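Asker: Here is how the chains run, residue by residue.
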Amino acid sequence: MTDMTYTIALMGNPNTGKSTLFNVLTGLRQHTGNWPGKTVTHAEGEFTYRGATYRLVDLPGTYSLYSNSADEEVARDFLLFERPDMTIVVVDATALERNLNLALQVLEMTGRVIVAVNLIDEAKKKGIHINTKKLAAKLGVPVVPISARNREGIDALLDTVDAMAHGRINTTPLSIQYSPDIERGIAKLLPLVKDIMGDTYPARWIALRLLDGDASLLQALKQPPQLLIKEGNAYACCGSVKSV
Amino acid sequence: MLAADQSNRFDRLMEEAASLAPDNTREQIVTAIFQTSAALCQECVTHKNSVKRDRTEQIDRIVTSKRWGFVIMLALLAAVLYVTIAGANVFSDSLARLFGTIETYLTMAFQAIHAPGWLHGLIVLGLYRGTAWVVSVMLPPMAIFFPVFALLENYGYLPRVAFNMDRLFKKAGAHGKQSLTMAMGFGCNAAAIMSTRIIESPRERMLAILTNNFVPCNGRWPTLILLSSLFMAAGYTGGWKTFVTAGVVVAMVLFGIVVTLTVSWALSKTALRGIPTHYTLELPPYRRPKIIETIIRATLDKSLYVLKRAVTVAAPAGILTWGLGNVHVGDTTVLAYLAGWLDPFAKALGLDGYILMAFILGLPANEIVVPTLLMGYLSAGALTEVDGLHSLKQILLDHGWTWLTALNMMLFSLLHYPCGTTLVNIYKETKSAKWTFVAFALPTAIAMAVTFTTAQLARWLGLI
Numbered sequence: 062m063t064d065m066t067y068t069i070a071l072m073g074n075p076n077t078g079k080s081t082l083f084n085v086l087t088g089l090r091q092h093t094g095n096w097p098g099k100t101v102t103h104a105e106g107e108f109t110y111r112g113a114t115y116r117l118v119d120l121p122g123t124y125s126l127y128s129n130s131a132d133e134e135v136a137r138d139f140l141l142f143e144r145p146d147m148t149i150v151v152v153d154a155t156a157l158e159r160n161l162n163l164a165l166q167v168l169e170m171t172g173r174v175i176v177a178v179n180l181i182d183e184a185k186k187k188g189i190h191i192n193t194k195k196l197a198a199k200l201g202v203p204v205v206p207i208s209a210r211n212r213e214g215i216d217a218l219l220d221t222v223d224a225m226a227h228g229r230i231n232t233t234p235l236s237i238q239y240s241p242d243i244e245r246g247i248a249k250l251l252p253l254v255k256d257i258m259g260d261t262y263p264a265r266w267i268a269l270r271l272l273d274g275d276a277s278l279l280q281a282l283k284q285p286p287q288l289l290i291k292e293g294n295a296y297a298c299c300g301s302v303k304s305v
Numbered sequence: 054m055l056a057a058d059q060s061n062r063f064d065r066l067m068e069e070a071a072s073l074a075p076d077n078t079r080e081q082i083v084t085a086i087f088q089t090s091a092a093l094c095q096e097c098v099t100h101k102n103s104v105k106r107d108r109t110e111q112i113d114r115i116v117t118s119k120r121w122g123f124v125i126m127l128a129l130l131a132a133v134l135y136v137t138i139a140g141a142n143v144f145s146d147s148l149a150r151l152f153g154t155i156e157t158y159l160t161m162a163f164q165a166i167h168a169p170g171w172l173h174g175l176i177v178l179g180l181y182r183g184t185a186w187v188v189s190v191m192l193p194p195m196a197i198f199f200p201v202f203a204l205l206e207n208y209g210y211l212p213r214v215a216f217n218m219d220r221l222f223k224k225a226g227a228h229g230k231q232s233l234t235m236a237m238g239f240g241c242n243a244a245a246i247m248s249t250r251i252i253e254s255p256r257e258r259m260l261a262i263l264t265n266n267f268v269p270c271n272g273r274w275p276t277l278i279l280l281s282s283l284f285m286a287a288g289y290t291g292g293w294k295t296f297v298t299a300g301v302v303v304a305m306v307l308f309g310i311v312v313t314l315t316v317s318w319a320l321s322k323t324a325l326r327g328i329p330t331h332y333t334l335e336l337p338p339y340r341r342p343k344i345i346e347t348i349i350r351a352t353l354d355k356s357l358y359v360l361k362r363a364v365t366v367a368a369p370a371g372i373l374t375w376g377l378g379n380v381h382v383g384d385t386t387v388l389a390y391l392a393g394w395l396d397p398f399a400k401a402l403g404l405d406g407y408i409l410m411a412f413i414l415g416l417p418a419n420e421i422v423v424p425t426l427l428m429g430y431l432s433a434g435a436l437t438e439v440d441g442l443h444s445l446k447q448i449l450l451d452h453g454w455t456w457l458t459a460l461n462m463m464l465f466s467l468l469h470y471p472c473g474t475t476l477v478n479i480y481k482e483t484k485s486a487k488w489t490f491v492a493f494a495l496p497t498a499i500a501m502a503v504t505f506t507t508a509q510l511a512r513w514l515g516l517i
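Chains as they are written, first to last, in this note's numbering: chain Y, 62 to 305; chain W, 54 to 517.
A few of these clues could be false.
[Stated by the list, open to error] In silico EDC-like cross-links for lysine to aspartate or glutamate, where the CA-CA straight-line distance does not exceed 20 Å: (1) Y:Lys195 to W:Glu96; (2) Y:Lys194 to W:Glu96; (3) Y:Lys185 to Y:Asp220; (4) Y:Lys199 to Y:Asp242; (5) Y:Lys199 to W:Glu335; (6) W:Lys101 to Y:Glu158; (7) Y:Lys187 to W:Asp76; (8) Y:Lys249 to Y:Asp182; (9) Y:Lys185 to W:Asp76; (10) Y:Lys249 to W:Asp76; (11) Y:Lys186 to Y:Asp220; (12) W:Lys481 to W:Asp113; (13) W:Lys101 to Y:Asp182; (14) Y:Lys255 to W:Glu68; (15) Y:Lys187 to W:Glu69; (16) Y:Lys187 to W:Glu96; (17) Y:Lys255 to Y:Glu169; (18) Y:Lys194 to Y:Asp220; (19) Y:Lys186 to Y:Glu169; (20) Y:Lys187 to W:Glu68; (21) W:Lys400 to W:Asp451; (22) Y:Lys283 to W:Asp113; (23) Y:Lys185 to W:Glu253; (24) Y:Lys186 to W:Glu110; (25) Y:Lys283 to W:Glu335; (26) Y:Lys283 to Y:Asp260; (27) W:Lys487 to W:Asp451.
In short, the hints are calculated from the structure, not lab data. Predicted model only: the values in this text are computed from it and were never measured.
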């Protein structure tokens with residue numbers, strides 16, 4: 062198993078210390094550039110842990126995945142088409158409620174998620190206590206408290222990454238219950254989505270986005286964007302791609 | 054499978070989805086997510102003694118509430134304007150007297166060196182007097198307004214304004230962030246045009262660009278404040294006078310916001326159709342700004358900057374206006390000829406030829422509209438030394454001004470085409486001559502329509 066490489070996507074709101082964590086994990090083994098055809102900065106790096114190599118992709122900081130902006134489109138497309146082996150969502154412990162919005166949206170797209178609750182030291186200073194065990198149980202994915210700038214909790218995070226990479230963690234991602242109207246719409250669309258796209262994509266999430274009239278998603282599904290030039294070779298007409 | 058076939062199936066899927074979606078899908082989705090997050094935090098997060106955070110939340114609960122948000126916003130704006138107008142009156146007169154004294158010495162100096170009359174006219178009566186008027190009339194309100202406004206800004210109040218306005222903009226089919234770019238427009242429209250970059254959707258960004266100049270910028274605040282204090286509260290005295298003056302300016306700002314929303318709404322239903330996108334607005338905690346530093350910065354950066362701009366543009370304009378006012382064609386001056394030519398049209402708008410010409414010559418910068426107007430009037434015969442607001446009002450009254458003239462000039466100033474710098478920025482940002490022209494023509498048409506209506510209405514009702 063020593064030559065295995067796993068891809069990890071790093072997500073989070075702006076100003077949550079996402080890049081600090083990225084730097085802590087990858088050190089100097091990183092390179093930056095632009096996403097093809099976009100003016101969005103692309104940074105990725107590598108690290109090894111217990112014999113496995115991890116490719117860490119620092120996605121742009123966003124508040125949602127609603128493709129309002131180029132940043133959000135890049136983040137969404139990466140999760141959808143590159144399908145990383147796992148996604149670390151960095152949330153700000155001092156503003157957990159707002160940050161969870163993004164985490165919940167990621168959970169709708171993929172279950173292979175680790176939530177890293179960053180700035181836990183600052184939260185403690187402000188008298189905020191977060192019960193991460195309970196949060197993990199509720200979200201159905203591992204939750205690790207960290208302080209990236211103090212390098213606290215990094216080992217625990219890496220252990221979780223290792224466990225998830227080797228299939229030792231089963232996740233049961235929380236599924237948001239929408240209003241009856243929307244749930245009805247999803248139920249009707251779901252078979253159609255599965256019929257057209259198969260099981261390659263998160264069907265419930267796609268149905269939801271289509272209900273919301275997300276034309277940019279439809280465009281992306283029709284013509285999956287070539288996200289990273291160096292490995293853009295395996296595109297079929299309906300865009301099933303598995304990197305690495 | 055053929056790509057085209059696949060594409061068609063996607064389109065059908067989208068149509069199907071559209072038919073199933075309830076009206077406020079986005080609202081419902083976002084609400085469900087927010088409620089889930091809130092419920093999770095309720096269970097997993099406990100707070101203790103977080104005093105500072107709580108205080109921000111407590112204040113926000115009031116200043117961004119549906120009931121009090123707008124009331125507080127207007128009250129604060131009125132308070133800032135009240136302080137500005139009350140304070141400006143004190144300084145303006147003494148400043149004007151100072152300039153009057155200096156002018157006497159200048160004239161003596163010119164006589165001492167036996168300078169020709171035209172040179173004295175050009176330099177002292179054109180350049181100096183024009184500039185002196187600008188400084189004595191515009192500096193006092195700016196020196197008070199900008200620092201006070203900056204304090205409010207640095208306490209973190211402006212994002213709350215954006216938060217309050219967000220609902221309205223969304224209803225108008227525009228992006229909530231337009232409330233931020235609009236707030237920026239209160240400072241400078243040209244800068245606000247650049248700031249519309251924060252709006253990602255091209256449609257919503259265009260709305261923000263086209264409607265930005267309906268709020269008064271640095272260059273127009275002084276005009277509004279000045280005219281309001283001269284004409285709008287004539288029947289009142291003392292504190293009430295200041296209060297009414299401030300009230301009129303607040304009403305102007307409100308009217309500008311109403312026009313912004315109406316035009317956004319109309320455009321989003323016609324030329325720029327679409328639905329508003331969703332976004333997250335972070336409300337930073339309130340912070341006590343460094344008060345002295347803020348005041349100094351605002352004075353240096355804004356007051357002096359605007360003044361410098363006004364003077365550097367006004368000085369050549371002063372010479373030009375003086376020249377136009379003293380070059381004779383037949384038995385009349387070029388200036389009087391042009392003003393007379395514009396007059397019938399301007400009168401229909403409740404203005405006069407000189408005012409309209411001042412707006413035209415003021416295209417490069419709104420700051421110079423009032424100075425140009427004064428120079429126009431002064432060169433046309435009624436030569437008055439700079440000695441304060443009272444004589445300023447006398448100049449205007451001598452040229453047939455009424456409260457309606459003042460009101461319409463304020464309205465025209467509020468609504469007319471953006472300044473040259475702003476137009477250049479609009480062209481740079483949109484890369485489209487067509488949209489730049491729209492950004493010029495649309496406000497101008499609205500300004501003309503509104504002033505025409507008020508003028509005709511006032512005359513028809515026999516108010517003047």
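Asker: Are the hints correct? Go through all of them and say.
Answerer: Going through the hints against the structure:
A distance of roughly 8 Å separates the Cα atoms of Y:Lys195 and W:Glu96; the hinted pair therefore holds under the 20 Å criterion. Restraint check: the Cα-Cα separation between Y:Lys194 and W:Glu96 comes to about 11 Å, which is no more than 20 Å; the hinted pair holds. At most 20 Å may separate the alpha-carbon atoms for a hinted pair to count; Y:Lys185 and Y:Asp220 exceed this at roughly 24 Å. A hinted pair counts as satisfied when its Cα atoms are at most 20 Å apart, and Y:Lys199 with Y:Asp242 does not qualify at roughly 25 Å.
Our distance criterion of 20 Å between C-alpha atoms is broken by Y:Lys199 and W:Glu335, whose separation comes to about 26 Å. The straight-line distance between the Cα atoms of W:Lys101 and Y:Glu158 is roughly 16 Å, inside the 20 Å bound, and the hint therefore holds. Pair hint Y:Lys187 plus W:Asp76 does not hold up; C-alpha atoms about 41 Å apart against a cutoff of 20 Å. For the proposed pair Y:Lys249 and Y:Asp182, the alpha carbon gap of about 46 Å is over 20 Å, so the pair is violated.
For the given pair, Y:Lys185 sits about 43 Å from W:Asp76 by alpha-carbon distance, which is inconsistent with the 20 Å threshold. In summary, the hint linking Y:Lys249 to W:Asp76 is supported, as the alpha carbons are separated by about 17 Å, within the 20 Å threshold. About 26 Å separates the Cα atoms of Y:Lys186 and Y:Asp220, which puts this hinted pair outside 20 Å; it is violated. Of the supplied pair hints, the one linking W:Lys481 and W:Asp113 is violated, its CA atoms being roughly 38 Å apart against a limit of 20 Å.
Distance restraint check for W:Lys101 and Y:Asp182: the Cα-Cα separation of roughly 15 Å lies within the 20 Å cut-off, and the hinted pair is therefore satisfied. Annotation: proposed proximity of Y:Lys255 to W:Glu68 holds, straight-line Cα distance about 16 Å (limit 20 Å). Restraint check for Y:Lys187 and W:Glu69: the C-alpha separation of about 49 Å exceeds 20 Å, so the hint is violated. The suggested pairing of Y:Lys187 with W:Glu96 holds, with an alpha-carbon distance near 18 Å, which does not exceed 20 Å.
Note on Y:Lys255 and Y:Glu169: the hinted pairing holds, with a Cα-Cα distance of about 16 Å set against a maximum of 20 Å. The hinted pair formed by Y:Lys194 and Y:Asp220 meets the criterion: a straight-line CA distance of about 16 Å does not exceed 20 Å. At roughly 32 Å between alpha-carbon atoms, Y:Lys186 and Y:Glu169 are farther apart than 20 Å, so this suggested pair is violated. Straight-line distance between C-alpha atoms of Y:Lys187 and W:Glu68 comes to about 49 Å, which puts the hinted pair past the 20 Å bound.
For the proposed pair W:Lys400 and W:Asp451, the alpha carbon gap of about 16 Å is at most 20 Å, so the pair holds. A threshold of 20 Å between alpha carbons decides the hint, and for Y:Lys283 with W:Asp113 the separation of about 44 Å lies outside it, so the pair is violated. Under the criterion of a C-alpha separation no larger than 20 Å, the hint pairing Y:Lys185 with W:Glu253 is inconsistent with the structure, at around 36 Å. For the given pair, Y:Lys186 sits about 18 Å from W:Glu110 by alpha-carbon distance, which is consistent with the 20 Å threshold.
Taken as a hint, the Y:Lys283 and W:Glu335 pair is broken in the structure, with Cα atoms around 34 Å apart against an allowance of 20 Å. Among the hinted pairs, Y:Lys283 with Y:Asp260 is consistent with the structure: their alpha-carbon atoms are about 16 Å apart, no more than 20 Å. Distance restraint check for W:Lys487 and W:Asp451: the Cα-Cα separation of roughly 42 Å exceeds the 20 Å cut-off, and the hinted pair is therefore not satisfied.
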